[in-house]
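*Asks:* Sequence:
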Amino acid sequence: MISKSDFGQKNAGQTNSQTGWVYRYSGIEGFDYQPHYEYTLLIKNTTIANPPADAASIHSKLIEVIEKKRTIE
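Per the numbering used here, the very first residue in the sequence shown carries number 42; after that it's consecutive.
Hints were generated in silico from the structure; no laboratory data involved. Owing to the predicted nature of the structure, the values given are computational and were not obtained by experimental measurement. Some clues are possibly wrong.
[Claimed, not checked] Derived DEER-like restraints, expressed as beta-carbon distance ranges:
1. Thr-112 <-> Ile-89: 29 to 35 angstroms
2. Thr-60 <-> Arg-111: 29 to 35 angstroms
3. His-77 <-> Ile-104: 21 to 27 angstroms
4. Ile-107 <-> Gly-68: 14 to 20 angstroms
5. Lys-109 <-> Lys-85: 14 to 20 angstroms
6. Trp-62 <-> Thr-87: 28 to 34 angstroms
7. Ala-94 <-> Asp-73: 16 to 22 angstroms
8. Tyr-74 <-> Ala-94: 41 to 47 angstroms
By construction, the Cβ of each residue, glycine as well, lies at the ideal position given by its N, Cα and C atoms.
Model the full assembly from the supplied sequences, consistent with the hints where possible.
*Replies:* Dropping the structure here:
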């Protein structure tokens, strides 16, 4: 899953320096991805204190779907 946000999202995954897109390693609570759409999302990231070694250290929750565009006709 890929997302872009101004709320510390770059700390939650690996950033592609050319595009600013971030590769996510966990989901976004309240967000249901649908194939063939591109989204602009407002999310809130919360740091998880002492997460398990195999779990994400940031919890993301959907605040608003700002834009949803169909990418394939």
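*Asks:* Hints first: check each against the structure and report whether it holds.
*Replies:* Tested hints:
| no. | hint | result |
| --- | --- | --- |
| 1 | Thr-112 <-> Ile-89: 29 to 35 angstroms | holds, 32 angstroms |
| 2 | Thr-60 <-> Arg-111: 29 to 35 angstroms | violated, 20 angstroms |
| 3 | His-77 <-> Ile-104: 21 to 27 angstroms | holds, 23 angstroms |
| 4 | Ile-107 <-> Gly-68: 14 to 20 angstroms | holds, 18 angstroms |
| 5 | Lys-109 <-> Lys-85: 14 to 20 angstroms | holds, 19 angstroms |
| 6 | Trp-62 <-> Thr-87: 28 to 34 angstroms | violated, 21 angstroms |
| 7 | Ala-94 <-> Asp-73: 16 to 22 angstroms | violated, 28 angstroms |
| 8 | Tyr-74 <-> Ala-94: 41 to 47 angstroms | violated, 26 angstroms |
Hints 2, 6, 7 and 8 from the earlier list are contradicted by this structure; the remaining hints agree with it.
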